[in-house]
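S.K.: So the sequence lines, in the order shown, correspond to chains A and B.
If you count the first sequence from 1, position 127 lands on 127 in my numbering, and the numbers rise without skipping.
Add 222 to a position in the second sequence, counting from 1, and you land on the number used in my numbering.
I should point out that these hints are in silico values taken from the structure, not numbers from a laboratory.
Here the structure is a predicted model, which is why all the values come from computation and not from measurement.
Honestly, I wouldn't trust all of these hints.
What the hints assert, rightly or not - So the derived list for chain A, only partly shown, Cβ under 7 Å to chain B, looks like this:
1) Pro75
2) Arg78
3) Arg79
As the list claims (entries may be wrong) - Some chain A residues flagged as far from chain B (calculated, every beta-carbon gap over 12 Å):
4) Asn22
5) Gly57
6) Glu163
Unchecked claim - With the Cβ distance kept under 8 Å, some of the chain A side facing chain B (calculated, not the full set):
7) Phe83
8) Lys89
9) Ile91
10) Gly110
11) Arg150
A virtual CB, placed ideally from N, CA and C, is assigned to each residue, including glycine.
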Amino acid sequence: MIQLYHVHKKYDGAVQALTDVNLKIEKGEFVFITGSSGAGKSTLLKIMFGSEVPSDGHIILDGRNYLKIPPEQIPLIRRRMGFVFQDFKLINTKSVFDNVALALKVMGVGPALIKKRVNKVLAYVQLQHRANFKPLTLSGGEQQRVAIARALVKDPAILLADEPTGNLDPELAVQVMELFKEVSLRGTTVIVATHDHSLIQRFNSRVIEFSEGKVISAGESA
Amino acid sequence: MGERSSLVYTVSDAAASIRENPVTVALSAVTVGFSLAIFTLFLIVFINISGVVHQWGEKAHVIVYIKDNSVKGGISELKANLTLLGEVESVTYISKDDALKILNTGFEAGEGLLEGLKENPLPASFEIKLKDSFRDPKLISNFAEKVGSYRWVEEVQFGGEWVEKFAELISFVKLTAVILGTFLIVATLFIISNTIRLTVYARREEIEVMRLVGASNTYIKAPFVIEGVTSGIVGGLIAYVLIYLGIHFLGSQIPSYFELDFQSTLSAPFLLLCLILSGVLLGAIGALVSLGKFLKV
Chain A
1 MIQLYHVHKK YDGAVQALTD VNLKIEKGEF VFITGSSGAG KSTLLKIMFG SEVPSDGHII
61 LDGRNYLKIP PEQIPLIRRR MGFVFQDFKL INTKSVFDNV ALALKVMGVG PALIKKRVNK
121 VLAYVQLQHR ANFKPLTLSG GEQQRVAIAR ALVKDPAILL ADEPTGNLDP ELAVQVMELF
181 KEVSLRGTTV IVATHDHSLI QRFNSRVIEF SEGKVISAGE SA
Chain B
223 MGERSSLVYT VSDAAASIRE NPVTVALSAV TVGFSLAIFT LFLIVFINIS GVVHQWGEKA
283 HVIVYIKDNS VKGGISELKA NLTLLGEVES VTYISKDDAL KILNTGFEAG EGLLEGLKEN
343 PLPASFEIKL KDSFRDPKLI SNFAEKVGSY RWVEEVQFGG EWVEKFAELI SFVKLTAVIL
403 GTFLIVATLF IISNTIRLTV YARREEIEVM RLVGASNTYI KAPFVIEGVT SGIVGGLIAY
463 VLIYLGIHFL GSQIPSYFEL DFQSTLSAPF LLLCLILSGV LLGAIGALVS LGKFLKV
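Throw the hints in and build the complete structure from the sequences for me.
M.R.: Given below as structure tokens:
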């Protein structure tokens with residue numbers, strides 16, 4: 001469970017990205033975060049991911065106050081989260097297999113188990129036949145599925161996705177969302193930031209709407 | 223899951239990185255090699271010259287000439303006083319007659335050199351051998367000055383004041399070596415850290431991704447440190463070869479009276495070990511310096 005209490009974020013240069021955000025997201029929920037560009041969606045996800053620190057407020061993650069966790073333990077928290085980025089953030093010099101395996105390697109998982117789990121997740125996103133390809137030789141949709149596979153391979157408790165369909169055509173976007181929905185049904189909390197309203201309408205899920213850094217509608221659990 | 227797998231991944235990542243960037247590693251290694259070689263050659267020359275000065279100091283006897291008008295009791299008193307001094311190991315009396323004999327044996331061809339003279343002009347003297355710990359040009363000079371003021375002493379001579387001057391020169395060289403050595407080490411660290419910084423920069427996206435998937439700082443840093451250490455080890459080997467060549471070249475150029483022996487200054491395995499360890503230290507510090515600013519949580 002993720003709880004945010006009176007979270008504010010002000011960047012240097014006095015840009016107020018988030019103002020008094022209060023949210024509660026239950027375990028296994030599928031949530032859309034929506035709003036126009038600059039509404040604060042990405043900042044919210046970054047704060048949940050620990051790559052940005054709020055200027056004020058508290059974030060409680062599974063009962064632990066996120067802001068009191070020492071910096072050296074942040075990687076441990078990230079290992080329980082998967083993050084899917086709009087620009088994929090794949091390592092172009094490594095194969096698809098190695099990109100996905102990286103998430104397990106940093107956790108110290110043994111090679112045999114890595115092989116088993118990576119192959120399984122690649123089959124799940126239908127990319128097993130691309131395992132030895134380099135990311136740049138794949139289509140945008142395939143690259144995004146590699147990124148999703150990397151996020152899922154560690155069975156994350158929370159999956160964060162920032163505009164994951166921004167670079168995909170509508171058909172692929174729907175496929176990716178269906179994948180996310182399936183993941184949430186398996187118990188992972190899925191939080192997707194998007195401004196694609198057609199997608200939101202298609203999937204009957206909770207929608208949290210942002211405008212100018214404020215929550216204007218916290219939505220209801222589906 | 224475990225530490226062992228992490229260690230294996232770290233080492234294999236480092237090996238892959240070295241394979242992908244051999245020029246970077248080679249550049250760092252050559253830098254380390256030359257810096258260590260220059261520094262060590264300087265040190266070897268310095269140790270040898272210091273040794274030579276010390277040897278020359280050892281050879282220097284202190285001769286205390288006794289006033290001609292000294293009474294017998296005075297001479298015994300002087301000998302007793304000299305023997306009591308902490309610096310003195312032994313005192314040998316050389317009478318006027320002994321001095322003449324020594325002079326005559328020294329000048330075989332000029333036998334009878336002093337025959338025309340009515341009396342022996344040579345003074346009696348004490349030849350003093352100093353204890354090991356006092357055989358230093360500076361200490362000998364102090365000792366000579368002290369003894370010079372004793373009663374019945376005409377003059378004190380010791381093996382060349384120029385040894386003392388030379389020792390002063392060596393002190394100056396020592397200071398220069400420390401300053402130059404510091405410059406070299408700093409320059410080496412600077413070059414290594416910048417070479418590694420270039421690698422870090424080239425791989426910044428990969429590092430970012432690693433951080434995003436939950437890699438610890440140690441996991442991210444370790445391959446770069448291993449890369450630095452590898453450069454250091456190779457650099458140490460390069461330095462060893464350069465020093466070997468340098469000593470051979472220098473060895474053939476040394477004037478024989480210097481009695482320098484570069485070969486035996488440091489034993490080969492010890493020198494190699496020192497060079498590799500220094501290289502490892504330089505490589506590791508260089509890597510950590512360049513990573514320090516680059517990595518945040």
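S.K.: State the violated hints by number, sorted upward, taking the hints as numbered earlier in the document.
M.R.: none
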